Structure formats: structure tokens, C-alpha cells
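Chemist: What follows is the residue order along each chain.
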Amino acid sequence: MIGGLFIYNHKGEVLISRVYRDDIGRNAVDAFRVNVIHARQQVRSPVTNIARTSFFHIKRSNIWLAAVTKQNVNAAMVFEFLHKMTDVMAAYFGKVTEENIKNNFVLIYEILDEILDFGYPQNTDTGILKTFITQQGVKSQSKEETSQITSQVTGQIGWRREGIKYRRNELFLDVLESVNLLMSPQGQVLSAHVAGRIVMKSYLSGMPECKFGINDKVLMESKGGKSGQDDTRGGGYVKNTSGSSSTKTSIAIDDCQFHQCVKLSKFETEHSISFIPPDGEFELMRYRTTKDISLPFRTIPLVREVGRQKMEVKVVVKSNFKPSLLAQKVEVRIPTPLNTSGVQVICMKGKAKYKASENAIVWKIKRMGGMKECQLSAEIELLNTNDKRKWTRPPISMNFEVPFAPSGFKVRYLKVFEPKLNYSDHDVIKWVRYIGRSGLYETRC
Amino acid sequence: MPTVKGDGMRGLAVFISDIRNCKSKEAEIKRINKELANIRSKFKGDKTLDGYQKKKYVCKLLFIFLLGHDIDFGHMEAVNLLSSNRYTEKQIGYLFISVLIGANNDLMKLVIQAIRNDLAGRNPIHITLALQCVANIGSREMAEGLSVDIPKLLVSGDTIDSVKQSAALTLLRLLRSSPDSIPMGEWMSRIIHLLNDQHMGVVTAAASLIENLVKKNPEEYKGCVSLAVSRLSRIVTSSYTDLQDYTYYFVPAPWLSVKLLRLLQNYPPPEDPAVKTRLSECLETILNKAQEPPKSKKVQHSNAKNAVLFEAINLIIHMDSDPNLLVRACNQLGQFLQHRETNLRYLALESMCLLATSEFSHEAVKKHQETVITALKTERDVSVRQRAVDLLYAMCDRTNAEEIVGEMLEYLESADYSIREEMVLKVAILAEKYAVDYTWYVDVILNLIRIAGDYVSEEVWYRVIQIVINRDDVQGYAAKTVFEALQAPACHENMVKVGGYILGEFGNLIAGDPRSGSAVQFQLLHSKYHLCSPATRGLLLSAYIKFINLFPEIKHIIQDVLRSDNNMRNADVELQQRSIEYLQLSSITTADVLATVLEEMPPFPERESSILAKLKKKKPSSVPEGSEQKETTASKIPAVQMSNNVDIAPPTSINLMSQGESSTDDFVDQGSPQGGSASVDLLGLGSPTQPTAPSVGSGGLLDMFDTLTSHSSAPATNGIDLGGLSGGAEEAFRKFICKNNGVLFENDLLQIGVKSEYREDLGRLWVFYGNKTTFQLNAFLVDVSTPGNLSESLSIQQKPVGGEVEAGAQVKQQFNMACVQEFAEAPVMTIQFLYSGAQQKISLKLPVVLNKYITPAEMDANTFFTRWKALNSPSQECQQIIKATSPIDHEQVKAKASGYCVL
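Top line first, the protein sequences correspond to chains L and V.
Here the numbering used here is used: the first residue of the first sequence is 1, the next is one more, and so on.
Here the numbering used here is used: the first residue of the second sequence is 1001, the next is one more, and so on.
Keep in mind the hints are simulated off the structure, nothing from the lab.
From a predicted model like this one, the values you see are computed outputs, not experimental measurements.
All clues given are correct.
Heads up, incomplete: computed chain L residues facing chain V, CB under 8 Å, no partners named: (1) H10; (2) N62; (3) G342; (4) A356; (5) S357; (6) N359; (7) L383; (8) T385.
To spell it out: a stretch of chain V is covered by chain L in this simulated footprint if at least three of its residues, at any positions, have a beta carbon under 8 Å from a beta carbon of chain L; those stretches are: (9) 1018-1025; (10) 1038-1052.
Just so you know, even glycine gets a beta-carbon here, dropped at the ideal spot from N, CA and C.
Here chain L stands alone, though its shape is the one from the complex (with noise of 0.2 Å):
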């Protein structure tokens, strides 16, 4: 179990040090910041052993956490821990940087207090966090307030409290996706998978019980008949109209996990998505798909070296989907060799620099319509050096938003029952969003 937790600042000073069990010692941190952050040689391994202590740290922009254990923990754990702590903490005051960290030190032990105890991870749900630590002043309780905390804490249920009203029973859902790529230049696909996410946002009354359906072939099948959900892509929120059809067939994933509020008995069993949501935004499930993935782009680079003193790269980009479609944030970022001296960049849509800082050339579009075309072509002046080793032409790669998800995944229904309130199903208004992402989004060249 987590011996201890520390939190760093860039210069490996410690901002925050809570230690759980004896056999962590004093020096322990110092043995991370000498060992791990002012190394030598950068620490590329998150887990790192020092002296028969095992050290899990995790990097948010110029903070390190680090956790710390004698014992053989599971270091998936640790890590779901540590990155739901930055979480939490994003939660209680934005950004996770050493200004907020210093303002807010008691706050950030009092978490500490609540999420771990013993070393053993408690509750890291930021809505039930935020019932009872608050960043107002302390106010005092009755007795049945503090009795209903533990009771909720300790209970069957311990993500939500009873007693929620809303006048408008409304719920949101993000299905954010990211996608992964290496192509070779021949345009083969090396490696792709999608990592997604759903989230739900909830704001309804008393204790609803919700009904989730995805067009995943498992859960299909076993339903059998059932027929699909709408085919609606887009933009922005659309209204979800259950129990339409749909023609778009299912997809296959390879694993996913839930929120703790699912209730796995019934996934075993019945195969279907089942769950009393807590109030306001968690993360419902999470899954990785591999097959039929729909790349939303298409990078075809072209570099000719002409002799020892430049070189050509012409690089085009082809968008891959529905031309109704919208893509955003579009970036590619296209290496350029260390002994750069000048560039000369052309494109047609976009922006595009060569930074230095970078060694790359940036291209930026801010929107692209699908089944679009964009190139680029850059003249780029090169150095002699005394250096023989040949350039080792890192890859292309590329950063974008668009609204659809990659794998195919669809929600099909999300039905919610609250027996004991008088609103059904047509009354909730519920909203579906697809975002898809680029994650390492990568060509070689």
C-alpha cells in the first residue's frame, strides 16, 4: 500500500510530504529528488526503486507526485490514484501548478486525509468530496447531517446523496475518443488503436436508475433483436431520440472498465449497462477499440534531399470524413534536421512556421471540411557539419479535433426510471456529444 506521497515543484523542492506508514523514512524524499528529478540523465521510467523503496511519481506540467511504498503494490493503482488526486485537486482549484499548491496546502492535506487512509485509497469522487471538504469556512452540523455523511460514505451507495431535486431532469454525455496512429509512408497503417471515455454530466431528482445501450457486438448480440440507435453526427449537442434505427453496424471492444456506480452483476448477467449516477460529472466507462477504425486523416509526405546543403518536403493532408463535417484545431507538426539554417514554407490553407526551439515546421488550420485536400511544401537549407551520422527523419505528426468518434462507437439509449418521483423517461433531456482527438497521430516519412 502508498507508504507516503510527496508533491515537488520543478526544482525538487517539496511542496506538499505526507507519510501514511513508519516504514518510510525522513529521507525518502530526498532520495526521489536526488535520484529522479535533479538526475543526471532524465528518468524516462515512472516507477523507480531506490534502495528497496519503490517510487511512482507522475508529472503535471512543472509538479511532480510522486508516491511511495515499501511493499509490492499494484502499480496500476497507484497510478489510477495518482492522477485521480490531480484530478480532485483540479476539481477543488483549477490548475494543478506550485502557485495553487502553495495557496491551498490545507485544503490539499485535508484531501490527502480523506482519500487515503492508511495508505489504502478511499473515495476519490471530487462531488462526494466536495459534501463535506469545503474550502468555506468550517460550519458546524447537526447531528443528522453528520449522521447522513456517514451513513452515505459508509453505505451502499456512496457516490450520491438522497434528497436531490431538479426542476429541469436533464443529462449530458461527452463521448470523447482519442485516436492513435503510425503509418509508414507507403500509407500502411503500423499501429492504431482508440482510446475513449465517456462522460456524463447528471442533474436529476431523487435516485434514478439509468439504462445505458452501445453498439458494442457483445452487448448487441446478446440483446438480439433490439435494433440500434439513431445515426445523428454532428456538432454540438443533439437531442437523443431512443428507439429509432439504425443501419450502422456494431464495433468490437477489445476491453473497457466502469465507474464504480455500474453494477457489474448485471453486465455479467444480463449484459446490459445499468447504474444509479452520481450528481453532477464522472467519467462513466472507459474502453479501447482496435478494428475498423476510421482514420480522420490522411498524411502523404514527400522529402527529397537535393545534395548535402538542402532538402524538399512537400507533405499533403487529406481529410478522411463526412465533407458535412467540421474538423478543428488541426496541427501538423513536421521534423526538421539539427542542422537547419533556413526555411522557406508554402501552404495554401493555414498557417505555417518553422520554430527553432522546436526543430519542426508548425502547419496550422484552424477548420477543415471532410474529404478535403491541404499541402504544404518548405525548402529547407541545411548546414555542413562534420557530423557523419545521417539524419534520422523522426515522423510526422498531427493533432486535431472532430466531431464523431474514430471507432464507430454509438450510443443507442440511455433510459433512466426514478420510480419514486413523478417524471419518466420522456421527461429527462438528454444530450449526446462526440469529440474525437488525435493522441500520437504519427506518419514516417
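Assemble the complex: chain L is given as a structure, and chain V must be docked to it using the hints.
Modeler: Relative to the frame of chain L, chain V by itself:
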């Protein structure tokens, strides 16, 4: 040097402060990338950069490089800066080049050209910069390229002093890094006159250079002695106010003095009386100055003064000619022996060690014996105590040996573990060398074993046994002392070994006393038996069989012991065999035979103490050569007395110390006709002048006697045959007709193995020379001659072989041979070497025979028979029938035929 004020580079300052302000490593890398791109575009741009800009960018690159990033451009710009006339630009250029351009860079030629231009220029500052760069890089290419220019600067009349100084040091650097690429020229003779230069800096730099040159070629620079002496006397006699800049804490030019004194140590004492007197005066003055009260309490003052003084003493010791000076030096060191400063005491002891070897000062050193002994006991630093031991060893002679050995023995009990072994060896050597009374010697060694048994090496107790055996006046005393020593409840195993050996040989001498009767002696020895290692037990078993001879009355007790399961069925084969053989020997043979076989050991041949060799091996420097030679002649042990049984025909004796695998095979000596003098030396010390006969394997006891009688008159085949081929070589050579690998020759000193491979007309042969002795073989020389006109048909190329073969080591030599036409004779190889000073020569036929060059031809049955049938004319056929001497074994014939290369 011009000031660089107002010449700062703003861009550089901004860049550096940007880097310093970076919050993270990533930010720093980004900033550097940006700057690199900027510099690249500037260097690439069509606009020519002015000197200032070039300097600025090169400087930035240098800074980036020093931050740990690779810089792969800008070298050309840096080289361009060299041709600038501004000091700052040149300086940055040279700086970049010394830091970034490796010795084997392509640009080196340009750099050297630029340096040459600067050296030829008029501006001394530029010359100095160039010299500095050369000294920093010091590559071979530079040494070759500038080998003319730098010496020219050094001896030319119109160079200024500071340039000369730099030139001398640069030349020294080049000489050190690539000594052979500097051609010697006319400047060499003029260089020593730099010692007369007005400028002290030049003299100091030149002194180092000249010393380096002198080390290589002392004759060439002989003239420097008188110059150095006169310079030295000028320094020594000057007051500290005379040499303003070169006075260090009231000591005039201490570094130069030290260098000059060192330089003089490369030469024997000057012959010219004038020079000699002048040098003596100098040294005397230095010694006198040491007596003066210090002019300053600062440690630097005394350090500088003492540095000069010690170097002067070293010179005095080196010259070793003026008794007066030596004695004075010794007295001076005597004062230091009690000095507060540990370093001084250490140095004093070390120098005195050298003084003790000089005949003039030996007596003077002896005066300080008390002090040294106190130092040995009270000194807190172990390295100082070590020096004290060395000094005691060096100052020891016949008069004070007893005292010194006593003190050392006493100290040994509490001595540091690190110096114990060496002390033990030294005590053993001193005791032997200066022993007047050998009972004292025996006492000392037994004490030694008692006190520091673990550190007593084999050689030490071998030696004591050799001496006891060779001197019959101490045998009785030794037996008595050993007997007493063994009575201690716990004795060291080495003590048991010595005890076993001596009682086995001379136990009868003390058996008269009922307290040490035969049975008592045996019981005493046997009480230790079970506590010992197998090697010692083997020795004790041999002692027991000797007891049977000495005391027939306890025969049955000993036979019982030998018969016990513990011995006869011991897991150790050696012990088992000894038990069985000794038991048989004692039960079968008559008393007469037994008495003959178990005769007292004959005296050992006289030879250099093996302990000394061991000490030399351990610390080559710690044994002063001079004294040792002198002493060995002085203290030679009286000639060995032959034992009484010299004229009795084959005097064989069982050597008690025979151990190890081979011991049972050759444990009965093949006595040579000369009588005991050539008995097999099983102590592993090897007497080279009398190599022994090869041992004859003997399985059982009766065999043993057979071979013994048959061999008793056979001459020893000792393998050293100066005229013809060495013994046994012809037979071995014949074996190689069918073999490619094997042992070609073997005797007691050397084993020669051969490995060969052949392909068509080319052959390659490796000869392995294995040194079987425990000594180094020196001046090892191998020569191959081709008898008759063999050289026309066989060309042999011989790879060189090193001049030494270490003890127990093996060296390899390769021969490449090409067969030009057929040949009948084999080349003869002559191996010559020095073994313990004796010249050895071995002549062998190199196993190169024609058939090795035969290549079998593959063919199927049809072709073979058509060819076979074609050979049908009478002259092509020949038949001879011989009678087989041995049955024909198919496999063996096949192996031989393939070895003969016909299959």
C-alpha cells in the same frame, strides 16, 4: 595582455542569462535549439560576418558545448578566427579549438597552419596563444608539424623571455606525448645554455625540458652538469632578497633548485674537480641553511626549504662519493626522525634507508638505531612504521643483528597485519645472514613461527630445514628446541611441519634423555596428527617411517598407526598410498635395506636464499641491491660438509618433504653416481646446474627397487646437449610425421609444445614454450636455421618472441612457412636462455616435413581405377614386403594415414 574591458559580448550575456533563468530542462533545451538555429542561419547566410559576430557565435557554441550538448558545426568559423589580428578573437578561436577539436579532426591541418603563422609572427602575445593551444592539444600531428618551429623559438636570440618559457613547456609536452616525432637537431646543443638565461622563469621551464631530454639520452647533454651546478650555486648563495619574484616565503627559487638537483641525479658525480668542489659547496650550503633558524613560521616556508633539502640529500646519496656530506646528511635526517611533522619523519626514514646502503654513511645511520626502534613501536601511521622496518632491515649488520632481530620479533606480535608477512621474511633473512651462532638462528625462526605462523611462508621453513641439515652442529639443539616447542598445547601447523621433519631426521640425537624418548617423541608428534591438513599429515607419515628406522623399538606402534583405517583407507589418495607403501616397506624389508632407504638426508647444495627471492618478488624496490651483494659474500655459510655416506654406493634417501601428485612417482630418488650431490630437489627450489634424471614411474614397492638398481648407474639424461640435437628430440620429431599437435620436447626446465596447420603450400606452426621452473627464464632467444639448401625450398618466417618467460608461464611463437619446392631435411630450431644465470641451449628439429604439404585429392572409384590402371609400365611399379612388428589395427592405420595427409 590587453584588457578586454568594453569588449564584452552583449548577445552572449543575454543568452547565458536566459539559460540561467530557464525553469526546467525542457525550457533550456528549447532555448538552446533556438539559439543553435539562429547561429546556423547566421553562419549559412550570404552576408559575411565580421570578426566580432563570429567571435560571439563561436563563444555561444562553446558555452552550449560546455552545457553538455553536441556541437557539430562552427569549427570552420573558429579556425577563421585564428587568422584575426585581434587578441580577443584569436583567443576565443584557440579556446574553441583546444576544447572541441579532437586530435584527428580534418581541420587539424588548417589549425596547424594557422599556428605556424602565429609562431612565425612578430607579436609575442599571438605566439604565446598558439603555444598554449599546442600544449593543450599536444597531438602527434602537431608534434610532427611544428617540430621545427618550436625549438627555433626556444633557442633564437630575439624571442622574449615569456615566449621562451612557454615554448620550453610546450616542447616538453610534445616530447612527453609523442617522443619519437620530434627530430633532434642543431637546437639540442644550444638548449642547455638556457640554464644560463637571465630570466628565472625560462630557466625553470628549461630545467624540466632538459631533464626529460637527459633521461632519454644522457651523453648528449653532458654539458648541462657544469651549467646546472653553477646556476645552482648562484641560487643557493643568493640571499632571498636577490630573486624578488622567484623567492617563495624567503626561500630563493625552490622549484628551480629542486629541478636542478634532480637533473644532476641523472649523472655520476662530476669529474672536473672545480665543478665537483662547487657542487659540494652548494650541497653544504643547503645543509647549512637547514640548520639556520626558520625565517618564517609559515608552513610554506619550511615546506619549500625541506623540499630543497631532501632533494639535495637524494643527490648526495646518488653521488655516494663524499663521506663528509653523507654523514652530514645522515645527521640532518636524524634530526627529522624526531620531528613533529609525520611527513618529515616518513621522508627521513625513507632517505635513511638509502643512506644505510652507502659504505660511508652506514655507521652514521646505525647511531639512530634507538630512535628508529622507538619509531617502530610508537609511530601512529602504519606507512611510517613500514619505513622504519625497511630502515632497520637496511641498517642491520653483524654487530647489531641480534638486537634488531630481537626488537623486530618483539614488535611482530603487535604488528599490523599488512606488514607482517614482509617483516617475517625480513627477520628470517636477517637471522640467516648474520647468524654467528646457529642455535640462535634456530631459536629465532621457531619463535617466528610461534608468533606469526600464518605469515611464515613455505620458503622460510624450507630454509631452516636446509640449514639444520647442512650443519650438523645445530642438529641436536634443533631437535631439542623443536621438541620443546611442540609441547605447547596449540602450535602452528608450520611448527608441526618443521618438528616432524627435524625429529624424523634427528630424533635419535635427543632420544637419550628419557623425557624425550622415542615413544614420547612419537606420541607428541602423533597428538598433532589429526589437527593437520593432508599435506602435513603426509609429511608426518614420512617422519613415522623414519622413526621406524631410528627407533626399531616402537616399530609396532607405528605400524598400528599406519594400519589404522584412518590412514590405510583415507579418502586422500596420497595419504592412503603413503600408509600402504610405508607399511609394506617396514614389514617386508630387512633392517639393512630399511637403513639404506631411510638414510639421513644428504646436505643441500649451496644456493641463494629462496627467501630473498621471495622478498624481491614481493617488493622489488625494498631490497637494496648493493648491500645484498656485499653481504652475501661476507656471510656465506661455510661450505657444505658432505655427509659420511658419500662414498657408499647409491645413497638414496626418502625426502620427507615430497608432496603432491607427483611425489609418489618420483619419491625415491634416482641417485646419481656422484653421490648425494644431485639428489632430487623436491623443495621446489631447483638447482639448475644439476638437472635431475626423469623420474621413473613405479607402481609397487618391488618395482621401485628394481628400477632403483637398474638406474643407479645410468647417466642422467639432462636434455642439455650443446652439440647435436637434444636428447629424446629425434623420437618426438618422428611422431610429428603423422601428427600435427603434441609435445615436441620436455625436460625439467622447459616444455615445448607444437601446434600446426597446413593449407596447400602454406603452413603455420605455433610453438609453445612452457617454463616448468619457479624462476624466470631470461634472455630467451629462438633461432631457426635451415641446413644445406633447405632455405631455397622452404621459406620460414619467424614471429618474435619476448625475452623473458615468467615462472610457470607459457609463451607462444608463430612460424609461417611456405613450401617452394620439395625438401628432405627439417629446419633446426635453437633455443637459448639464461636460467638462474646459467646459459642453456636446446637444439631441436622443427617438425616440418614434406608430407604435411600433401593434399589429398577427392575422386570416385571409377576415376581412381582408370588412373590406377594407367600406371602399368614396369618402372612405375615397386613392391616391397616387410614383416609387421605389431598387429595391424585398422583404426590406427587410418589415423596414421590421415595424419600423413595421404587419406
